[in-house]
Structures are given as structure tokens and as C-alpha cells.
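*Asks:* Below are the chains, spelled out letter by letter.
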Amino acid sequence: MPLSPLRSLAVGASFLACTAASVPALAGAAEDADGRVVRVEEPARIISLGGPVSEIVAGLGHADSVVAVDSTTRYPPSLADLPRVGYLRALGAEGLLSEAPYLIVAQNDAGPPRVLEQVEAAGVPVLRLPAADTLEGLEDAIRRTAALLEAEDAGAAMIAALNREAAGLPGSPAADAPEVLFLLVGHGGAPMAAGHGTPIHALIELAGLRNAFGAVQGWKPVSAEALAGAAPDGLIVSERALDADGGVAEMLSHPALARVEALRAARVVPLDPTLLQGLGPRTPRAARILAETFGTLPSPARVEEARR
Amino acid sequence: MTVAGLHLERPGHLLPVLMALAAVSAALSISLGGVAVSLADGLALAARWIGLTPSWSSDPAAEAVLSAIRGPRVLLGCVVGATLAVGGAVMQALFRNPLADPGLIGVSAGAALAASASIVLGDALFGTAGDLIPRAYQLPLAAFAGGLLVTALVHALARTDGRTSVAGMLLAGIAINAIAGAVTGLFTYISDDQQLRQLTFWSMGSLGATSPGALAPAVALMLVSTIGGLLLWRPLNLMLLGEAEAYHLGVSVDRLKAAAVVLVALGVGAAVAAAGPIAFVGLVAPHLVRLAGGADHRLVLPGAALVGTVLVCLADLVARTVALPAELPVGLILAAGGGPFFLALLLAARRRGEMP
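Sequences listed follow chains A and B, in order.
With numbering that gives the first Met the number 0, letter number 22 in the first sequence gets 21, and the count goes up by one each step, no holes.
With numbering that gives the first Met the number 0, letter number 128 in the second sequence gets 127, and the count goes up by one each step, no holes.
Quick caveat, the hints were computed from the structure, so don't treat them as lab data.
Note that the structure is a prediction, hence the values are computed from the model and not measured.
Among the hints, a few may not be true.
[What the hints assert, rightly or not] FRET-style restraints, in silico, Cβ to Cβ:
hint: 1; chain 1: A; residue 1: A223; chain 2: B; residue 2: G180; range: 24 to 30 Å
hint: 2; chain 1: A; residue 1: E249; chain 2: B; residue 2: G184; range: 26 to 32 Å
hint: 3; chain 1: A; residue 1: G122; chain 2: B; residue 2: F125; range: 30 to 36 Å
hint: 4; chain 1: B; residue 1: L230; chain 2: A; residue 2: G122; range: 40 to 46 Å
Just so it is clear, CB atoms sit at the ideal spot from N, CA and C, and this is done for glycine as well.
Next up, chain A with everything else stripped away, as it sits in the complex (with noise of 0.2 Å):
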């Protein structure tokens, strides 16, 4: 059937509308941890698995977008009323599904694998990040997550910040720097101390801080004899697992921890447990704060006592 110009002319303008409006949508692109090109079409209805990966999205100004997130995302606040799929290695398939994402961005260590392939085999792109134990592997999710989000200048201001911040901080601790000590203590069991190979340990390390079970890989449950020569300057906690022990006594009390006596001379620095999970946006802030504690950096307060 012969179109009347008029017709035609409404059909090449709507057909231009079409890809003018899908042309920036069609861009979004990103290469997951095993080198394969994620595309997607449009970044919303994200669902984001793992705390720093949702401080990620939400830092790149995309908060709006997530219509998911897994139980680990407890920061920004804006998305802790989001549902919840479930734990970040415990997933669902058709869980994740029943969300209608568009797309899943991923910390590594999400799934089972399993099931985040069934998920692409439906038709849902899934980034994921390879694991960021290190700032230089951080600004690497950051770059890989903007760009998948088409939010490279944000991507580029939100690792500008973090190296302004990450500036001034140690690094590396220095031979005879202050020994520190992390437990998790309160969930029944006994105190798990972090190794290294945990976020605890390159964030103790960022600040300059030694390490005192650095030695020891990943988490592993200590008893009183195994802290019995210990003896660290600083005990850091979650400020979580403080609150459900009633206080710094109530903690060290712990029949695990109760006869050391150089805890109680430790000095013990709470944290907040979203800043355990991995390293994230915020990272540098938390490393200058045990920083200033330990006196690796100088804090404000003691920079304005020199000046007067």
C-alpha cells in the first residue's frame, strides 16, 4: 500500500525520534571481572548486590534507579527500604527476576554462580566487578561501574575524591608503627579476628597501622591463649556488635577475652560495620579516622594546638 506523503513524513519522524532517543540509551557498556563486554540499554531498574558496589551506584548519582538490593547494603540510607534479594552468596534466581531488573551490577564474590547465569540466561545483563582489595582495583569497579551507568564524569569526580582523600594517608605502615587488633565479637561464638586478605586488614594498613593477626589469612576464631601474647595499642570493633554487647566492658568480658589483660590497656576505636564489608567510597575517610586515632596522621585538633 502506497503511503501518503503526509503518512510517510509522520513515519520518518517518529522513526527519527525513535533513534535519537535510543541512540545515547544503546552506549551503556563495561567489561565484568572475566573480561567479557556487558551491554545494557537503558541504566535503570538496577538491582545492586554487596555495600560497596550499592555506595558505588548510589555515588554515581543512579540511587533513584535501584528498584533491589542484597542484605549487606545497609548505606546510603536512601536504599535501605528497597526489597531485599536475599544474601549477596545466597541468591535466588527467580528472585532476582521477580524484581524486573534491567540490569545487576555485582561485587565478585556474588552468588552462586550458577545463578547469576541463569539470570543473563534470561535476558538480564549482570556486571560483575572484580574484587577491590586494593584503592587501585576501587577506582578500577568505579571506572567499570560508570561506565556501564553512562555516568563516566561522575565516575571520574567520585575517584578524584577519593584520591584527594586518600592523599595524605600512610599507605603502609612503618615498622614501629602502632599494632592494632580487629574482633568480631558477639555472635555466639568465639571472637574472629581479621587476617590478611580481609577489608579490615587494607583498611588497618591504609591508615599506617600494623596488623596484629596480619600474619593469620582471612577470619579466624581466636581463643585466650592465642591472644595471650598479643599486645596491640588499639582494639577496633563494630560499633554494631558493640551495641548488642552492652559497651567496651560488657565486650571484653567475653570469657574468650576476659583474662587479657592488654586489651584493657588497648585503646578501642568502633566502626561502622558498612565500612567492613569491603573497600568502598568511604574507605579513605574511615583509614584517616584510625589514622588520627593512632597518631600516624596528626589530627586536626593536635595540627590547631601546634599552630597556637
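Following the hints, position chain B against chain A.
*Replies:* Using the frame of chain A, we list chain B on its own:
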């Protein structure tokens, strides 16, 4: 015989009832879930499977969910339930002990040991062969092999002069279970943060994370085990009279023991490899059938298969829908829902004086 007030004049009527229940559970599991799937979508997919092109339009996303996610999951759930239940019934008859379950001969403990070794050691477990086996198959293969090896060890320890002692197998099973548990604990201890979490979630069991390549062989092995178990009804019935009595009635007792152990190890090993350890079904499903219809294995074996199917299908349906968009471990639902149900049946039977 009565089931929760329902009077069965003839226990033979139990099987058709259970068949209907199993069919309804499977149909419910297929049609309900996080993603809405209409009847038309399901019919279109079924039509395409048998080579027809449906004339009506259907939602490709819903079909993808059915064929890639929900279909395989429900199939696995039904088969795992039947296998564990028949395995439990065979073990209870063989050991003539109401507390026996497939785990008794070391299958589950061996599979868990090998699975934790695979998670913690990774490629190193398979040595040079590690490069040849795709990573997605390493854990199920290790779990299956571990289950078979440990069961073979238990069976070998209980054999003297070509005869297998049931009591010896029970005691060897307890000892080997403890040792396997200790080694699993050691692997748990040396694991790093990520491996530890993987171990924890593996040990809760899940029907939703099986790779498609591992699904087909696992289902095939489980079907062989289930059908093989059903065919043992006659010698197992005679075993109920006692081992010596069965022997004098013409049952070659040692061959029966070997056949039962091999079938259970194959089936339960495959079930654990595909879905992780799922407790409770193997122990309870045969008892549910016995409470309703008596101890004849012509009824207990197929009845247990159907009850196992119903239990696992419905538990998984609840596990994946009740906390949407999150998912609960299926073992948790099985124990939380099945436990009280089983207790209620026990108490009802006791009140009627049918149970000790």
C-alpha cells in the same frame, strides 16, 4: 489405617492418592514462583518441546524462566525427593532400624568431605586433571566420588570371609561418619572467608544452582537408584522377618546387602552432588507411608518415593516464594514444616494405640 482422620479401608488406595498429591505438587511448583507465568506460556513451551508451533503468542521471558530456571529446578526437586525417600526406606529395611537413613553408610558424609575439599583446595584437588574438568563440574564430581568411596570403605570394613555384617556396617558407618566429619571440619577451619561462606551455603542444600550439564547425569543416576530400590521389595519384605529367616526363605542376603548399598550410594551420591545435603526426607518419608498403610514394601517403597517428591517439591516451592525476592534454604522449610507434621501423625497414631 488412618492418616490425620482420613480412614483408609484398603491401604492399596494410598498409592493413587499419593500419585495425585505428587502431580498436584509438581504442577503447583511449575506454575508458581517469583516471575508470573501464565498457563498459555506453559502450554506454548510444552507444545514447542514436542515439536509443535503454537498459534497463540506467548511471553519469551516467561518461557525462558520456565525452561532455564523453574523447569530444571522442579524436576531436580521431584527426583531428589524420590531418591532420598526410597534410599531411606531401603536402609531402614536393611538395618531393620527405624532410625536408619541413607547417611548411615557414609554417603552424605563422604560427599560433604569431598565437596569441602573441592571448595577449599580448588583445582589442586584434581591435580593435573583439574585443567580438563570444567570448574562447574568439579564440585558435583568430587561429591559423587567421595560419597561412593566412603560407602565402599564402610562396606569393606564390615565384610569378613565374604559375609557382610549389618551391625558391623552400622558401627563402621558411625566411626567413618565421625572421621569424615572431622576432616570436613578441618577443611572448614583452613578455608578463607569466601570459601567458608561457600561451604556454609553448600551444606544447607539448594535445588537452584545446578549446572545444566550436571543435571542430566544426576537425574539419570537417581532414577536408576530409585527404580532399582523399588525392585528390591520382595527380599526387603523377607528381611523384615529377620536376616536368618530371610536366608532360609531363599534370599541371598549378602547379594541383597551389596545391591542395596550400591543403589543407595549411587542415588544419594548423585542427589548430594546436584543439590547438596538435604536431610529429613530419607528418614521421615518411609515412616509417613508406614503410618498410613503398613510395612509392606510393595506399598512403602513407591509410597515413600511419592511422599519424598511431595515433601521436597512443596518445601522448595515455599523456600523460593515465601521471602521474595530473597530465597530461603530448602532444608530449613523441610525441617520446620515437616517436623511438626510428622510429630502430629506420630501422636495421633499413638493415641489410637497403633504405635509404641
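*Asks:* Is 26 to 32 Å right for how far apart the beta carbons of E249/A and G184/B are?
*Replies:* holds (30 Å)
*Asks:* Within 24 to 30 Å: is that where the Cβ-Cβ distance between A223/A and G180/B falls?
*Replies:* Because 26 Å falls inside the window, the suggested range holds.
*Asks:* State, for the Cβ atoms of L230/B and G122/A, whether the hinted interval 40 to 46 Å holds or is violated.
*Replies:* 44 Å Cβ-Cβ, so the 40 to 46 Å window holds.
*Asks:* Confirm or reject the claim that G122/A and F125/B have a C-beta distance inside 30 to 36 Å.
*Replies:* holds (34 Å)
Against the hints set out earlier in the document, no violation occurs for any number.
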